[in-house]
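Participant: Residue numbers (my numbering), protein chains in the order written: chain A, 1 to 468; chain B, 1 to 468; chain C, 1 to 468.
Treat the hints with caution; some may be incorrect.
If several chains are the same, the list does not tell them apart, and a pair holds so long as it fits within one copy or across any two.
Said to hold, decoys possible - As a list, the in silico DSSO-like pairs of lysine-lysine whose alpha-carbon atoms are at most 27 Å apart:
#: 1; residue 1: 104; residue 2: 463
#: 2; residue 1: 393; residue 2: 28
#: 3; residue 1: 74; residue 2: 339
#: 4; residue 1: 74; residue 2: 463
#: 5; residue 1: 104; residue 2: 393
#: 6; residue 1: 104; residue 2: 74
Simulated from the structure, these hints should not be mistaken for lab results. Note that the structure is predicted; figures quoted are calculated from it, not measured.
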Amino acid sequence: MSLTDPDRLFPVEPSLRDRARALYDSVKDLPIVSPHGHCDPRWFAENERFPNPAELFVVPDHYVFRMLVSQGVKLTDLGVPREDGGETETDPRAIWRRFAENMKLFRATPSEMWLNHSFEHVFGLTEPLSAATAEMYYDHIDAKLAEPAFRPRALFESFGIEVLATTEGALDDLRWHRQMRDSGWTGRVVTTYRPDAVVDPEFEGFAENVARLGEITGEDTATWAGYLDAHRARRAFFKDHGATASDHGHASARTANLSQAEAAALFDKARAGTCSAEEADLFRGQMLTEMARMSLDDGLTLQIHAGSRRNHSAQVFAAHGRDKGFDIPGRTDYVAALKPMLDAVGMEPGLTIILFTLDETVYGRELAPLAGAYPSLKLGPPWWFFDSYEGIKRFREATTETCGFYNTAGFNDDTRAFCSIPARHDVARRSDCAYLATLVGTGRLREAEAFEVARDLSYQLAKDAYGL
Amino acid sequence: MSLTDPDRLFPVEPSLRDRARALYDSVKDLPIVSPHGHCDPRWFAENERFPNPAELFVVPDHYVFRMLVSQGVKLTDLGVPREDGGETETDPRAIWRRFAENMKLFRATPSEMWLNHSFEHVFGLTEPLSAATAEMYYDHIDAKLAEPAFRPRALFESFGIEVLATTEGALDDLRWHRQMRDSGWTGRVVTTYRPDAVVDPEFEGFAENVARLGEITGEDTATWAGYLDAHRARRAFFKDHGATASDHGHASARTANLSQAEAAALFDKARAGTCSAEEADLFRGQMLTEMARMSLDDGLTLQIHAGSRRNHSAQVFAAHGRDKGFDIPGRTDYVAALKPMLDAVGMEPGLTIILFTLDETVYGRELAPLAGAYPSLKLGPPWWFFDSYEGIKRFREATTETCGFYNTAGFNDDTRAFCSIPARHDVARRSDCAYLATLVGTGRLREAEAFEVARDLSYQLAKDAYGL
Amino acid sequence: MSLTDPDRLFPVEPSLRDRARALYDSVKDLPIVSPHGHCDPRWFAENERFPNPAELFVVPDHYVFRMLVSQGVKLTDLGVPREDGGETETDPRAIWRRFAENMKLFRATPSEMWLNHSFEHVFGLTEPLSAATAEMYYDHIDAKLAEPAFRPRALFESFGIEVLATTEGALDDLRWHRQMRDSGWTGRVVTTYRPDAVVDPEFEGFAENVARLGEITGEDTATWAGYLDAHRARRAFFKDHGATASDHGHASARTANLSQAEAAALFDKARAGTCSAEEADLFRGQMLTEMARMSLDDGLTLQIHAGSRRNHSAQVFAAHGRDKGFDIPGRTDYVAALKPMLDAVGMEPGLTIILFTLDETVYGRELAPLAGAYPSLKLGPPWWFFDSYEGIKRFREATTETCGFYNTAGFNDDTRAFCSIPARHDVARRSDCAYLATLVGTGRLREAEAFEVARDLSYQLAKDAYGL
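Only chain A is shown next, with the shape it has when bound in the complex (with noise of 0.2 Å):
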């Protein structure tokens, strides 16, 4: 018995299948490069022992519980930390419980290939997690992660992990980045720049964030000059915990390009917080290409994470706060919203934005084109609700067209769920390999070609795109 197909996401026809193997096979045991994602590097700081399945699996998977949730199950009874002081589960099992019974409203969702791939790969579970089979999966998996093998570290090496980018405020001190590499472990953990607190002026304690920068770096960040001075600071702060990106997750891709002066007055009513909702998102693209001018500098690859609605729901933001799975995608325009910054450095050689997107209808009207002329310009790969099977098949049938794959920055996973890495990693290949062994028989593309392409789309890509 299997929890997962060998031939799974490849193309049905026998022919097809048969290419696509074959590609998949000259790439499944690249090393990992993951560019992108949330793990928390305390994990591999410390090398403790994760708690126990649900911890693992189920409480921070926003994935796992919001569907749980759409069907009606509380958080509170997944045990979902609130904020607001109420009481939640705190039996692990019977957390795990209500998750099992729950399992067929994940049919045919990533979250259940993912899950099922690290029930057998990683903890050797071949029957499905189902009410009936929860308490010997929870025996199980609480049971090896006891195990030396099973410590983040240990996993981290036997996963294939080449290089980890996490992502930390800039106002983050990274003593888990400082405290990893003092310890002599030769895992590669990078961080990641992400200064959305001291970038938004709708941040929560705006003022206070850019306070607070102003003190860690010694830069007056009262004054227009300090700030961008006091971000240097900490982009090279960051840089020397291995940073080769900066990220910036905004409600839309809007940039701007104001003179020197109006930045100036628009940052003094957002630190004395009377920006407007208009000007506080005019500050914020003018904050990215500024990011985009100091990249030319320090050689960061800028990173825009467009186009969620965070925290839809005032009931679960009040009860709960962020990161619940109630942030929804909206229509997100690209073309005028990146003009200003492409206008200022668009054309720079050495410049390097990945642009994301949560509104697939841009990936061929607008993202494609741009990355399909823009030497700065790529794409990253499909993110959040996307990364999966169909949405990585829209995501290649809809750019490759168009910009091709060199305008393309290679796989993301974009998780906090560390042991769905390789599964994640798994799934866009096959998916890849799938569409590179339709391309094949179609006519579009050299076989020589497709392995050639197979290994940047795994692998290359992403080194390249992130200078990793």
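Once you've looked at the hints, dock chains B and C against the given chain A.
Facilitator: What follows is chains B and C alone, placed relative to chain A:
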């Protein structure tokens, strides 16, 4: 000779085709649950014969006549009634001939598949309809319609319909439903509460309609409180005639959650006819939230059909009125639009809101993420132009990975073309089985689960979502 | 060895592949009808040799050079002319080498397929172009271009072109068309009336252009009535040079139907250069309706190419001017935009308006419902970025179920790359046959009908829609 391929809509690859056929064989004879549609209850109340082939297949079906119009046939030459007093074709044979001569326009459309299914499986015809066979078809169908087995109730039973929902306005006296009940006929035909005419300030005669609502219910609909009570009374009356749902056809999905004082003031303006377009829209949005609140009390499922720009051609509207094939979809936002209602009631247990769209771009970007989080939300099946093989395929591929199967609401035929009901459910069952077979063949769904899901999609989910 | 797979673009499943090949074999040798494109009529008037491989395949083709630019090659290093007086590469061999070295960027793009088709079927080359074969390619093509069989008229004939439409501005004297006619050559090359420069108040030199229009026609273009008469005169002049259509490239699909007094007042502002951006847009929209009215009189087919945000990079526009690969599509509404024109003339018999889009989201949501209702509307084929296997597949899958085949207008190659014309029509014929084979294989179209439809899509619909 046959008009319909027994393996139609199944994948062509032999192993997938076998799987799809096996899945389809397991569901093809399940009873039809038709929870939303526009059949005329009078048919079943009076049980008279249908007048002739043209009035059965052409004159009332805007899918059919608008396609002929698009190639230069005049609505008047098809017997479509005029509102401006002009003449129209009265000879049903002449109408039928014009239709038959133009069958090539329907090649590869769902209309053709529905028509051929009806011709073959209801009327026993096996030669294609064309100019050459037009008279034979007319005579054959006309003769059949005279037989008792082709009366509405007999067809209802031979179609295997377990339950059929019709749709009536809030002011309807539901006499036909009562007559059906009183007749002792055991066919289950239920009504649905569709209050657009008393909810939309821009509806023709809104103020009179609201006054009439007061007369019918004995409530003082000159006040906001009385108006809401009148809705409660009508909902109870509709429930007493079988209704398990309300339905709302709005140009957008906008909702609002005003204070009761604000809502009352807006209602006064609406009654006085002094709403701006923006205020009328706000009032409609407020009423969706009010309807959702009433659903918390009376358990009716709330359906939102959003996004049709009705009566696009001023000329056709002036000559022929509503529902003449000139309703064109437009872009429709759901994320911001639904937030007020969802903040008010979206996390409530026991509430079911079914969302429909004519904007396929929102399937993966907005609707699946919303339905995959909020317990109150379910996704209705592809609607109108998208109730087809390709439409269903796109819907499943775009939504399943994010919200699974169990946040969807099964199939709706949504038709006023009675003879097409079995054909439409058949297309949906085939299309879903084709999709499920592909999932199994690519290792994304276990075979035993696929049979369970096929039954759920074909039958159970509709019953559950509508409480039928 | 071969550069092109004889079964390219056909489905892989053997029974579908056989069907697709049979359909394709029935249409592959039909004459080419090219009703819209940008070939230079001078080629056919003078019939001089094409200068060299770089100027045939690289320098004029923005599909090719923008892909190289997207990976860091400079426009100047590809010989693309500058408007700012700076230098550009003048050695065609150097340009060719840069192109050849970067062929991997085009993997799986339609450009690669068009190029390989031209290399193999026009020039007889069978090894892939690469750095290693660059010189051989250059020498081979250059030698061929010196042969009489590779002169423009000879290629026109060997390509099997029945009719080719070029596109000229309203002020063009059409001398090349006249020279062709006077030469006695029997190749049919017709012009198309493209009046953007005298219709768009924001076009460079609009007022002067309008004055010049008056001089050419002898009409008083200082008045609205004279301006319209001047258009009528030019349309007649273009018709006399073979034109059967006008063409309009607008950023949006906006139309208007002002009173003639309002239009005249707006025209005065346009001539005076005092239009706001909104008024300029309104004027363009009014002119689409005026053009449609003139079409009622003179029978020209009206083409609307809407949705390109032209000259996105300010830097590239300043250095190199228009049409340099930096035209990016954006969201485009058709439903509200077209209503004024359609209310004015949309139900008229004998009028043909062909709609093009760069926003694929409107295929199923807006364009197919509109074309499936209004007798004047037809859908143009996938345009620009979407003139490809996947683009055609998405177009057919999204439109056919709603508007069928007979509300579409056949294929346009829309190219200025002469040698790619057979390749582009071949891709369209193969892609359509692949789609038709799938319809037959899944019981959605009868086999005999598929052969009829294949011929219509490849040949007849274009002739009919353009009156050719």
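Participant: For each hint, tell me whether it holds in the structure or not.
Facilitator: Tested hints:
1. Proximity of residue 104 and residue 463 under a CA criterion of 27 Å is satisfied inter-copy only: 19 Å between copies versus 37 Å inside one chain copy.
2. In this homomeric assembly, residue 393 and residue 28 come within 27 Å of each other (Cα to Cα) only inside a single copy, at 18 Å, whereas the closest approach across copies is 30 Å.
3. When the C-alpha separation of residue 74 and residue 339 is checked against a cutoff of 27 Å, the pair qualifies only between copies, where the shortest distance is 20 Å, while the shortest distance within a copy is 44 Å.
4. For the identical chains of this complex, residue 74 and residue 463 are inter-copy neighbours only, at 24 Å across copies versus 41 Å inside a copy, given an alpha-carbon limit of 27 Å.
5. Taking CA atoms no more than 27 Å apart as the test, residue 104 paired with residue 393 passes in both settings, with 24 Å inside one copy and 21 Å between copies.
6. For the homomeric pair residue 104 and residue 74, the shortest alpha-carbon distance inside one copy (17 Å) is at most 27 Å, but the shortest distance between copies (52 Å) is not.
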